[in-house]
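Asker: Required output: the full structure, derived from the provided sequences and hints.
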Amino acid sequence: MGSESRPVRAAIDIGSNTIHLVVARCWPDHLDILADELDLTRLGESVNASGVISEEKTQQALLVIAHYMALAERLGAETILLIATEAIRRASNRDSFLQRIEQHTGLPVALISGEAEAVLTFYGATYELYRAGHAPLDLGVVDLGGGSTELVTAHDGQITWRISLPIGSGWLLDRYLPSDPPTYQERASARAFLQDYLRNLTIPLYPPVLVATGGSANSLWLLAERAFGLAASQRSLSADELAHCEGLLAALPASEIAERYGQPYKRARILPAGALILRALLARLGLDQLLISPHGIREGALLAYERFGSTWLSEIERQGAINDRSQEQQTDKLARQETFLAYGRRLLTERLEKMLSWRRLLLKEADEEAIHKMRVASRRLRAALDAYRGYLDPSAFKKVYRRVKKTAALLGAVRDSDVMLLSLRTLLTEASADERPALLWLLAVLEEQRDLQVSALEEHLRELDSEALRSQLAACFAGEEC
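In terms of the numbering used here, the sequence shown opens at residue 1 and continues consecutively.
Certain hints may be false.
Stated by the list, open to error - Calculated cross-link-like contacts (lysine-lysine; reagent style DSSO-like; alpha-carbon spacing at most 30 Å):
{"id": "1", "residue 1": "373", "residue 2": "399"}
{"id": "2", "residue 1": "354", "residue 2": "405"}
{"id": "3", "residue 1": "373", "residue 2": "354"}
{"id": "4", "residue 1": "398", "residue 2": "373"}
{"id": "5", "residue 1": "373", "residue 2": "406"}
{"id": "6", "residue 1": "398", "residue 2": "354"}
{"id": "7", "residue 1": "399", "residue 2": "354"}
{"id": "8", "residue 1": "266", "residue 2": "57"}
{"id": "9", "residue 1": "373", "residue 2": "405"}
{"id": "10", "residue 1": "406", "residue 2": "354"}
Said to hold, decoys possible - Label pairs and their computed distance ranges (CB to CB):
{"id": "11", "residue 1": "446", "residue 2": "346", "range": "36 to 42 Å"}
{"id": "12", "residue 1": "255", "residue 2": "346", "range": "36 to 42 Å"}
{"id": "13", "residue 1": "463", "residue 2": "420", "range": "51 to 57 Å"}
{"id": "14", "residue 1": "427", "residue 2": "259", "range": "46 to 52 Å"}
{"id": "15", "residue 1": "36", "residue 2": "468", "range": "57 to 63 Å"}
{"id": "16", "residue 1": "108", "residue 2": "342", "range": "30 to 36 Å"}
{"id": "17", "residue 1": "236", "residue 2": "349", "range": "46 to 52 Å"}
{"id": "18", "residue 1": "475", "residue 2": "178", "range": "22 to 28 Å"}
{"id": "19", "residue 1": "134", "residue 2": "195", "range": "55 to 61 Å"}
These are computed hints drawn from the structure, not numbers from a lab.
The model shown is predicted, which means the values in this text are computed figures rather than measured ones.
Here a beta-carbon is modelled for each residue, glycine too, at the ideal position from N, C-alpha and C.
Answerer: Below is the structure:
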């Protein structure tokens, strides 16, 4: 190929979780990687907490970028591209942050749109597949970042649809998974949020193959390789393997994951969120496996520069705009327009109404199915309330939460009795003559207990003021910002 004659270029991606460097000899359709390094700076952590990139994070970023530029220059890079993505777009002080980088480096920083991010990610994640002739006619690419997730579908190498979702592994961790390891309730809340959120996504064509890229996806693959003995040549993860990763990450703190499986502590802390997002996406797309690509936006930028030269960014933005216009009617309005709190208001309202709809049926007849359905609805509402606890008016939240918690407890007591009664009745059909009297006595006790529980539940439901509950929920969002 005459590789020595090819130009050496570098790309530095300033993202939500990481600052990532790739240095490579470049062809329009191929890269010979000379260096690939990342630092878990977690700029998005600061943005999620305060809306700005803190001075501490800024100083960390400047040091990492200076180190990477020096490395790129030692390797002979004649071009260095600086790219800033989702966390920087969201920061209210992004202009001053970018200006400081430009002052320190003497280079411009390309603050790219979500559309351009998706296009570059597609180029980077798939170029090896296309070059080897292994790419299927239709495929999808997901780039799981810290503050956003890019999803792209393509046909015969051409992007047909893309979206930038404002949820990433760092974002989910900061809002839903504060414990280390995450508790069952935290994971259930995060899972419920993802299922509801992705259900609203309009995907015109479900890809038969999904390629995952990004630090979390690659770290999960590395965890599965080391923990479960995956072959090093198996660059894929099944839904079951992701579930095993999730279970392991729920059982051990990040420090132990880091020590046992060679993961940086900061990355190990983020991985539970990454596993939840990837599993939710697989379920939404009806797939049972991910292909894992070690490449992404940085490689995409280098390929784009080699194809289009100094106009690479405007060409990529143009491609993103064309895709945007072609899918205008299909774009998921929730992901693009709804704020976190606006979505929470809608989610909690929907779940409250679902619970109240079963209340009306239960007041007519307290049958087992209605009790079970209302219990599920109350638990889902409580999980959503738990997720938004820190963002709502404390006084109004306590009033709503108390009522929902009591409702769920009364429903749970009746449901538990129903399960025990069903089990005893099954035992009774198989019991010997000597065993039957004791079982019949226990059945009678449990049936009497259930009657008392149903009476308490019905009294509570009659006294439950639906309109007051709706008003209290609305008051939780009194200070909502859109």
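Asker: Are the Cα atoms of residue 399 and residue 354 separated by 30 Å or less?
Answerer: 19 Å, holds
Asker: Verify the proposed pairing of residue 406 with residue 354, using a straight-line Cα cut of 30 Å.
Answerer: 17 Å, holds
Asker: Given a hint of 22 to 28 Å, does the C-beta separation of residue 475 and residue 178 actually sit inside it?
Answerer: 25 Å, holds
Asker: Given a hint of 36 to 42 Å, does the C-beta separation of residue 255 and residue 346 actually sit inside it?
Answerer: Cβ of residue 255 to Cβ of residue 346: about 38 Å, so the range 36 to 42 Å holds.
Asker: Range hint 30 to 36 Å: satisfied by the CB atoms of residue 108 and residue 342?
Answerer: 35 Å Cβ-Cβ, so the 30 to 36 Å window holds.
Asker: Is it true that the CA of residue 373 sits at most 30 Å from the CA of residue 405?
Answerer: Judged against 30 Å, a Cα distance of about 16 Å means the pair holds.
Asker: Take a quick look at whether residue 398 and residue 373 sit within 30 Å of each other, Cα to Cα.
Answerer: Roughly 24 Å between the alpha carbons, so the hint for residue 398 and residue 373 holds.
Asker: Between residue 354 and residue 405, is the straight-line Cα distance small enough, at 30 Å or below?
Answerer: Holds, at roughly 16 Å.
Asker: Range hint 36 to 42 Å: satisfied by the CB atoms of residue 446 and residue 346?
Answerer: Between residue 446 and residue 346, where Cβ atoms are some 41 Å apart, the hint holds.
Asker: Given the hint of 46 to 52 Å, check if residue 236 and residue 349 actually sit that far apart at their C-beta atoms.
Answerer: Between residue 236 and residue 349, where Cβ atoms are some 40 Å apart, the hint is violated.
Asker: Going straight from one Cα to the other, do residue 398 and residue 354 come out at no more than 30 Å?
Answerer: 20 Å, holds
Asker: Do the alpha carbons of residue 373 and residue 406 lie within 30 Å of each other, as the hint requires?
Answerer: This hinted pair holds, its Cα atoms lying about 16 Å apart.
The structure is inconsistent with the numbered hints 13, 17 and 19, although it conforms to all the rest.
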